[in-house]
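Undergrad: Chains A and B supply the protein sequences, listed in that same order. So for the first sequence, the UniProt record's numbering puts the first residue at 1; every next one is plus one. So for the second sequence, the UniProt record's numbering puts the first residue at 1; every next one is plus one.
No lab work stands behind these hints, which were simulated from the structure alone. Where hints are given, some of them may not hold.
[Said to hold, decoys possible] Straight-line alpha carbon distances no greater than 20 Å define the calculated SDA-like cross-link-like pairs of lysine to any residue that follow: (1) K247(A) - E222(B); (2) K247(A) - N283(B); (3) K247(A) - K77(B); (4) K112(A) - R282(B); (5) K247(A) - P278(B); (6) K247(A) - E273(B); (7) K247(B) - Y279(A); (8) K247(B) - P275(A); (9) K247(B) - E273(A); (10) K314(B) - V14(A); (11) K76(B) - Y279(A); (12) K247(B) - P278(A); (13) K247(B) - K112(A); (14) K77(B) - G277(A); (15) K112(B) - K112(A); (16) K247(A) - K112(B).
[Said to hold, decoys possible] Quick look at which bits of chain A chain B covers, simulated, 3 or more residues with Cβ under 8 Å: (17) 3 to 12; (18) 278 to 285; (19) 332 to 339.
[What the hints assert, rightly or not] Stretch by stretch, here's where chain A covers chain B in the computed footprint (C-beta under 8 Å, at least three residues): (20) 92 to 104; (21) 213 to 222; (22) 262 to 272.
Glycine is no exception: its CB is placed at the ideal position from the N, C-alpha and C atoms.
Here is how the chains run, residue by residue.
2 protein chains.
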Amino acid sequence: MRATVIYGAGDVRVEEVPDPKVEAPTDAVVRVVRSCICGSDLWPYSDMPATDRGKRIGHEFLGIVEEAGSEVGTVKKGDLVVAPFVYSDNTCEFCREGLHTSCRNGGFWGSKHVDGGQGEAVRVPQADGTLVKLPHTEDEDLLASMLTLSDVFSTGHHAAVTAGVNERTTVTVVGDGAVGLSAVLAAKRLGAERIVLMGRHEARTNLGREFGATDVVSERGEEGIARVRELTGGQGTHAVLECVGTKPAFEMGVGSVRAGGTISRVGVPQYEEGPIGPYVFRNNITITGGVAPARHYIPELMGDVLDGKYQPGKVFDRTIGIEDVPAGYQAMANREALKVAIKF
Amino acid sequence: MRATVIYGAGDVRVEEVPDPKVEAPTDAVVRVVRSCICGSDLWPYSDMPATDRGKRIGHEFLGIVEEAGSEVGTVKKGDLVVAPFVYSDNTCEFCREGLHTSCRNGGFWGSKHVDGGQGEAVRVPQADGTLVKLPHTEDEDLLASMLTLSDVFSTGHHAAVTAGVNERTTVTVVGDGAVGLSAVLAAKRLGAERIVLMGRHEARTNLGREFGATDVVSERGEEGIARVRELTGGQGTHAVLECVGTKPAFEMGVGSVRAGGTISRVGVPQYEEGPIGPYVFRNNITITGGVAPARHYIPELMGDVLDGKYQPGKVFDRTIGIEDVPAGYQAMANREALKVAIKF
Chain A
1 MRATVIYGAG DVRVEEVPDP KVEAPTDAVV RVVRSCICGS DLWPYSDMPA
51 TDRGKRIGHE FLGIVEEAGS EVGTVKKGDL VVAPFVYSDN TCEFCREGLH
101 TSCRNGGFWG SKHVDGGQGE AVRVPQADGT LVKLPHTEDE DLLASMLTLS
151 DVFSTGHHAA VTAGVNERTT VTVVGDGAVG LSAVLAAKRL GAERIVLMGR
201 HEARTNLGRE FGATDVVSER GEEGIARVRE LTGGQGTHAV LECVGTKPAF
251 EMGVGSVRAG GTISRVGVPQ YEEGPIGPYV FRNNITITGG VAPARHYIPE
301 LMGDVLDGKY QPGKVFDRTI GIEDVPAGYQ AMANREALKV AIKF
Chain B
1 MRATVIYGAG DVRVEEVPDP KVEAPTDAVV RVVRSCICGS DLWPYSDMPA
51 TDRGKRIGHE FLGIVEEAGS EVGTVKKGDL VVAPFVYSDN TCEFCREGLH
101 TSCRNGGFWG SKHVDGGQGE AVRVPQADGT LVKLPHTEDE DLLASMLTLS
151 DVFSTGHHAA VTAGVNERTT VTVVGDGAVG LSAVLAAKRL GAERIVLMGR
201 HEARTNLGRE FGATDVVSER GEEGIARVRE LTGGQGTHAV LECVGTKPAF
251 EMGVGSVRAG GTISRVGVPQ YEEGPIGPYV FRNNITITGG VAPARHYIPE
301 LMGDVLDGKY QPGKVFDRTI GIEDVPAGYQ AMANREALKV AIKF
C-alpha cells in the first residue's frame, strides 16, 4: 500500500509500504477514507534532521474497519470510525480521568512500530479504546467535519475547556491556523460572546469571523497586545487560547490576558523556557492546556458535528490524493493552503 | 511613633516616624497589637540596593482601630481588626471576583505614601474594604493564629485552592518555611490525605507533620523528584504547592507533579523565565497561583481559626518587641527562627 514517509526537513515522500495487519488481538486495521496534514506536521517538515530510514507520519484519519482483532468489541468490519491523534486504551486511570494522552498503553501515530495516518491503511493498537464509530455518509462536508474530531476541533475545544471559557468569559485566540480557527468555534460553542482573533491572513480571519470571532487583531507583539487591551477597556481577556506554539505567541498571550485569567496552550511549544516571572505571578495568571485528549472529547463534540450545528470541516481549503501529499506539505508550509485533506 | 524602615540589603532600622492620621474619609488608623516578619521581607533584606531615604516595610498586622474616617462603616474605634497583606476596596470588579490583589484602588503596604506594617500604628487606606473585624482576645496563641490570616495561612490556602486540592488529590508542598507549612495545613483542611512535604529542617518538618504532612522528603533536585515519584507509584502528585519562589523549587515542582496535575506557586518567583516547554505541554501540567488575595479568604478561614480547629499561629517560634526587629530579620535570614512575631 501507499503511505507517507518523512526523511527530514522538506523531504516527504509517498512510498510503497507493507500492508498492515492485525498483530495483537486488541488491534484493528482501518482502510483510510480521509486523512489530512496538520500544522504540527510542519515542525518536522521544517527542522527534522535527515535520516536514511524515514519515519511514517500523519495522525488524523477516519476510515472503514477492515479487520478487527479477536478482543475488539466496540467496532467491527465495515464500520466507519474516526481515530484521535493519540491511541489509548480508554480504561487506565488516566483515560478514566479524561487524560487519554497520558494513557499507560497509548502512544503516538508514526512512533516506532506504529503506522502513520497519512497512508491507505493503518494498524490501530488498542482499537476498542481508540476508535469511535460514526454513521456512514457520502456527504463530503460532513466527512470533513468528522475528520476534525481527530485533532483540530478537539484541540481547539481542549484549549477552550481548560481555559474555562463560558458565556461570561472574554476570549483571545492567538493564531489563525486550523487549530486557532477551531478554537474560535469551540469558544463560541461554549458560549463566549466576545472572541478576539489574532491573525493576519484575511481568508483565515474571515473564516474566523464566520466561526464566531467578534474582533480581528492583525498586529503582533506589543502592538497586538495594545490592541487587545484597547478592545477590552485596558484589561485583556479572561481567556487566551494560544494556538501557535512559538515563544512570541505565548508572550502575546501573557500580554493579552486579564489579571486572574488563563492562557491555555495547544500549539506545541517550540521553546524550553518561557516568561512566567513576577508579572505572571502578581497577576495570578494561570497557564494550562497541553496535548489534547481528543478521544475524551469526541463523544461530546460528535453530536453537534453530526447534526450540522457546527462545521469545523470548513478549515479544509484543499483536497488532494495520496500521491500529492508532498505538494500538500509544501502548500501548507508556504501558507498557500490552510489545511489540506487527503482523499482516498 | 516607632516603625521599621529598610535602607538596603542587611540594613533594617527602627526609627521615629510621624504618627499616622486619617487623610481620606475612607482611611482608618490602626494601633498595631501584633505584626510579624515575612519570608518575602527577606528578599529585599538580601538584595535591595542601598538608599538614603529608606522604605517602610512589613505587611502583616492586626490591631485596634484608633480612628476611622467619616466614610468608614464596617469598623469603628476600639475594634480589633486584621489587615490582609494588600489593601483593597472590596467593591471593584476584581474584588467582586475574589481577586483583591488586583483591586483597582488597592496596593501594597510600604509602597509610596503608604505605611508599612512593622510599626506602632498604620494608616489603612480603603479601611472598609481592607479590614476584617475580629473578637477581642488576650489569648496569645489565638492572636498568633489570627495574625496568619493576614498572609501566610491565606497564602497557603490560595496555593491549595488554586491547585484544586480536595480529598481525592495527592499533594506535594515544596518548602518548609512558614508559607509551606501553612500550605500543608490548608491542604489538610481541604481534605487531602496524602501530603508530601519537601524540606530539610527537622523542627519545621516536624511541625509540618503535626499540620498534616504524611511524608517528608529532605532530598532536593533530581533526588527529591525521584523520592516523590517513588512515594507515588512513579506518578508524582496531583497538586504541587510551590512555596519558595526559586527556580530550583519550581523545577522540583515540575518534576514532582502528575500528568494532568497542577503546580500552584505562592513563593514570589525570583526568576523571569521558567521551564514550561514540551515536557509540561505533553503532560498537560497547569501552572497557577500567584499573589494571594488574602482578603477574599479571611471570612472563610476565620471561623476555623477562631474556634481553634486550626492553629496556623504555630508557625511563630519567636516573639520580639519593635526595637528588636533588626535582630529578628537577621534571625530569619540565618534560619535560626522560622517566623518572628512582633508584640507591641
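Undergrad: Next, verify each hint and record whether it holds.
TA: So, going through the hints one by one against the coordinates:
1. A distance of roughly 27 Å separates the Cα atoms of K247(A) and E222(B); the hinted pair therefore is violated under the 20 Å criterion.
2. For the proposed pair K247(A) and N283(B), the alpha carbon gap of about 19 Å is at most 20 Å, so the pair holds.
3. Restraint check for K247(A) and K77(B): the C-alpha separation of about 54 Å exceeds 20 Å, so the hint is violated.
4. A C-alpha spacing of about 18 Å is found between K112(A) and R282(B), which places the hinted pair at or below 20 Å, so the restraint holds.
5. With a C-alpha separation of about 12 Å, the suggested pair K247(A) and P278(B) falls inside the 20 Å cut-off, and the hint holds.
6. In summary, the hint linking K247(A) to E273(B) is supported, as the alpha carbons are separated by about 11 Å, within the 20 Å threshold.
7. A C-alpha spacing of about 15 Å is found between K247(B) and Y279(A), which places the hinted pair at or below 20 Å, so the restraint holds.
8. A C-alpha spacing of about 12 Å is found between K247(B) and P275(A), which places the hinted pair at or below 20 Å, so the restraint holds.
9. Taking the CA atoms of K247(B) and E273(A), the gap is about 11 Å. The hint holds against a cut of 20 Å.
10. Annotation: proposed proximity of K314(B) to V14(A) is violated, straight-line Cα distance about 69 Å (limit 20 Å).
11. For the hint pairing K76(B) with Y279(A), the CA-to-CA distance comes to about 36 Å; that exceeds 20 Å, so the pair is violated.
12. Distance check on the hinted pair: K247(B) and P278(A) sit about 12 Å apart at the alpha-carbon level, within 20 Å; holds.
13. Distance check on the hinted pair: K247(B) and K112(A) sit about 35 Å apart at the alpha-carbon level, beyond 20 Å; violated.
14. A distance of roughly 41 Å separates the Cα atoms of K77(B) and G277(A); the hinted pair therefore is violated under the 20 Å criterion.
15. A C-alpha spacing of about 61 Å is found between K112(B) and K112(A), which places the hinted pair above 20 Å, so the restraint is violated.
16. Pair hint K247(A) plus K112(B) does not hold up; C-alpha atoms about 35 Å apart against a cutoff of 20 Å.
17. Residues of the segment 3 to 12 of chain A lying with their CB closer than 8 Å to a CB of chain B number 0, which falls below the three-residue condition for coverage.
18. Counting residues of the segment 278 to 285 of chain A whose beta carbon lies closer than 8 Å to any beta carbon of chain B gives 7, which meets the minimum of three for the stated coverage.
19. With 0 residues having a beta carbon nearer than 8 Å to a beta carbon of chain B, the segment 332 to 339 of chain A misses the requirement of three or more and the stated coverage is violated.
20. Judged by the Cβ-Cβ criterion of 8 Å, the segment 92 to 104 of chain B is covered by chain A as claimed, because 5 of its residues qualify and three suffice.
21. A stretch counts as covered by a chain when three or more of its residues have a beta carbon under 8 Å from one of that chain; for the segment 213 to 222 of chain B and chain A the count is 0, and the coverage is violated.
22. Here's how the segment 262 to 272 of chain B fares: 5 of its residues keep a CB closer than 8 Å to some CB of chain A, so the rule of at least three is met and the hint holds.
When each numbered hint is compared with the structure, violations occur for hints 1, 3, 10, 11, 13, 14, 15, 16, 17, 19 and 21.
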